[in-house]
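*Asks:* Put chain B on the given structure of chain A with help from the hints.
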Amino acid sequence: MNAMLSRVADSLYWMSRYLERADHVARQFDVHLTIVTEQAVDVARRRRRRLITCLVDEEAHPAAEAADYDLAYLLTFDEDNPSSIVNCIAAARENARQVREQINSQMWEQINQMYLTVRNQSLVELWSGQPHNFYHWINQEVYRFQGITDSRIARDQGWHFIQIGRYLERAAETADALNVDFRELYSNRLETDAVDQQTYLDWVGLLRGCAAYEAYSKVYTANVQPRHIVEFLLLNPIFPYSVHFGINRVQSSLQVVGEETETPKSARVYRLGGRLRAMLDYAQVDEIMEGGLGSYLLNIQNQCGQIHQLIYETYIAYSIEDKLKAVQ
Amino acid sequence: MREDVRPAALPAPFTAYQLDDAYDEMFTADSLPRPQYELLYRRLLELTPAELETRQQTADLSFLHQGITFTVYSDARGTERIFPYDLLPRIITAGEWETIERGLVQRITALNLFLHDIYHRGQILADKVVPFDLVYSSKHYRREMRGLDVPHGVYVAVTGTDLIRLTDGRFAVLEDNLRVPSGASYMLANRQVMKRVFPGLFSHYDVRPLEFYGQALQTTLAALSPAKEESNIVLLSPGVYNSAYFEHTFLARQMGIPLVEGRDLAVHDNVVYMRTTAGLRRVDVIYRRIDDDFVDPLIFRKDSMLGIAGLFNAYRSGNVTLANAIGTGVADDKAVYAYVPAIIRYYLGEEPILPNIETYQCGDEKECGYVLANLDQLVVKAVGESGGYGMLVGPHSTAEEQEKFRSLILENPRNYIAQPTINLSRAPCFLDGQVEARHVDLRPYILYGKRVTILPGGLTRVALRRGSLVVNSSQGGGSKDTWVLNW
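Protein sequence lines correspond, in order, to chains A and B.
Throughout the first sequence, residue numbering follows the numbering used here, covering 910 to 1237 in sequence.
Throughout the second sequence, residue numbering follows the numbering used here, covering 135 to 621 in sequence.
Bound conformation, chain A alone:
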């Protein structure tokens, strides 16, 4: 039996999820800024609304007519937005702080330096300079953190909880971006999948926002087709930002954690992950589109939620009374 404090597993998981979220928000907004400059006013407005739907809890922030400057504040600094970059990095750091003795000191220093830097950044400064540099920097720093993590720490349970957090978050983010963009850009289209110039930029934006454009082009060439996008972002098993890839990683890590802890309930978590993985393993893009992409993605998101819930029940927030019976 290999033991690790439940609270530590919890903090590692959230540290990783929050960093992944900061990375995603920074990339999405960075891509948005480069695309929106070339778009007509109403197209750009719809784009902003989609971005808010994806990245912010809309009810809390009804910024319907937000300009990019407002968006920059909302997504980067707004303390009332739990998913703003500063909040995500602060939360990741707070979780890292709770487990400082468990993570490598370089990991801590990296996350601490990121935090100190973003904390001292001001919106005016950011906006009057080159916003791209800042958001790009966030992405680089998150990668650096992940690089330190992957090169420095042992593949014990802690590392696997970090993986589960990262890939569960990533799969959810990709699924969400797909869902929101397809709902608006695809639903009112004809049977033909030819992409017009109006929407071309938005489709490319979807790919770039999921760090997928270059990888997509290597598989499908620069021929941007909605069906191909779904196939790539949802089903590609070897691209690290695809939903399928993420779920595979979550599943493998759940397996290791299950083996290391030998907890009776772990088979249930593992099975839940396996079911979702199998569903993606054998899915066909045409069938998905026929049955409706939205409901398919909703199903995936629900299953991700169940996996999260069961991880908690099994490893983190279990009832002590049950476990005491096992000890006797």
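The hints are simulated quantities; they were obtained by calculation from the structure and are not laboratory data.
Here a beta-carbon is modelled for each residue, glycine too, at the ideal position from N, C-alpha and C.
Fair warning: there could be bad hints in the mix.
Claimed, not checked - Taking lysine to aspartate or glutamate and the DMTMM-like style, the derived pairs with C-alpha atoms no more than 25 Å apart in a straight line are:
hint, chain 1, residue 1, chain 2, residue 2
1, A, Lys1234, B, Glu364
2, A, Lys1232, B, Glu395
3, A, Lys1232, B, Glu364
4, A, Lys1232, B, Glu363
5, B, Lys262, B, Asp283
As the list claims (entries may be wrong) - Output of the computed footprint for chain B on chain A, the stretches with three or more beta carbons under 8 Å from beta carbons of chain B:
hint, segment
6, 913-919
7, 1021-1028
*Replies:* For chain B alone, coordinates are given in the frame of chain A:
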């Protein structure tokens, strides 16, 4: 006490350096560097203020990035500040250290025997060497500990004794910290930074290493474990909002043990468990960094959210070791302090190697009269307090403050002691581009497991404000690296 202030008349960066009655760690009365400081002195003459400043910034930045900080709560943005670190080392020769080491071993051995005695037969009280009401009236005396046998009879696994240097150069004991002494992590962090900013100088000096502290502490704790085989040792912290949280994480990592909070632990059938991903795992030794009052809400403070219900009974049953033991604070009570030389003679039949500071007990009518008549000359301390709180520094106080203490003392004389104002020794510090002398003390760390181990060094605390004698970090103090030499 400050009548003899005179400039040392030295070249830059020492132009502002002053000597007075206090023992100067670096210079003799004739403004000559002491032999152990000569190399440092020459190095400082070579460096420009800008070069020194760069090194100071490197050190500060390193502390900031490592998160060795405290939070300024008054600031809504939660600004974090580093603990002030002074760039220049405090140097102790092998000969000086030898005396300190022997003195500390003697003192901690005697205090540990004292604790065992007063929680068992109380022979020293029956023999009237220490007044029994002094012990039983101490707010850190724990009745619950009576008759309880702690593993190997070790009550104080970790001690951080505060030493000061008298005007004649002798080291004396100012305070025994036998409860939850802190600061060891700063000692280690200061050393790490020092090796980065003065690598050449450091290697020239032949300084005794400190790195093994984590291992030594782990070994000490393991030696006190009730488990026959491999022990599960944990560090119990109040959590991330505690000001010493950095230290807790640092030490847990150095030892390779889990840092737990109260909510991670549960007691069942007098056995302590921690919640892990693989279910409950038995805990054998708890290096607890929370005070007696908070460890178990069933026995001590009912409102404690930090502790674990049932922990004390698990401890009484011998299923888990707490380090330090409960109730050790009675032996570092400032009123009991005055009796430590007698305690050493009583148990060991030896003369104390490290002297005490002369102490007046306000509980004694005659001594109390003297204290009240000399409030402007003495340092008055509340006996159960630490951290520089509840203290009056007579010569630096206003008449109003003295009156306040007069009524406090009259209200509860047992609660106060007084000592002559000691002119702590002074060491060179780098401040605003210059080297100036500031008062320092020294807190070495003593580990007591199978045997007593003393770390060669300790935390030198500095009163950074000019003229101040208070070195506590909560009162504007900083710290510096302490070098114990092999020569």
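*Asks:* Decide, hint by hint, whether the structure agrees.
*Replies:* Evaluated hints:
1. Only pairs whose Cα atoms come within 25 Å are accepted, and Lys1234(A) paired with Glu364(B) is accepted, the gap being roughly 24 Å.
2. Restraint check for Lys1232(A) and Glu395(B): satisfied, since their Cα atoms lie roughly 19 Å apart, inside the 25 Å limit.
3. Taken as a hint, the Lys1232(A) and Glu364(B) pair is honoured in the structure, with Cα atoms around 22 Å apart against an allowance of 25 Å.
4. Restraint check: the Cα-Cα separation between Lys1232(A) and Glu363(B) comes to about 23 Å, which is no more than 25 Å; the hinted pair holds.
5. For a cut-off of 25 Å, the pair hint linking Lys262(B) to Asp283(B) stands: about 24 Å separates their Cα positions.
6. With 6 residues bearing a CB less than 8 Å from a CB of chain B, the segment 913-919 of chain A meets the requirement of three and the coverage assertion stands.
7. Counting residues of the segment 1021-1028 of chain A whose beta-carbon sits less than 8 Å from any beta-carbon of chain B gives 4, enough to reach three: the coverage restraint holds.
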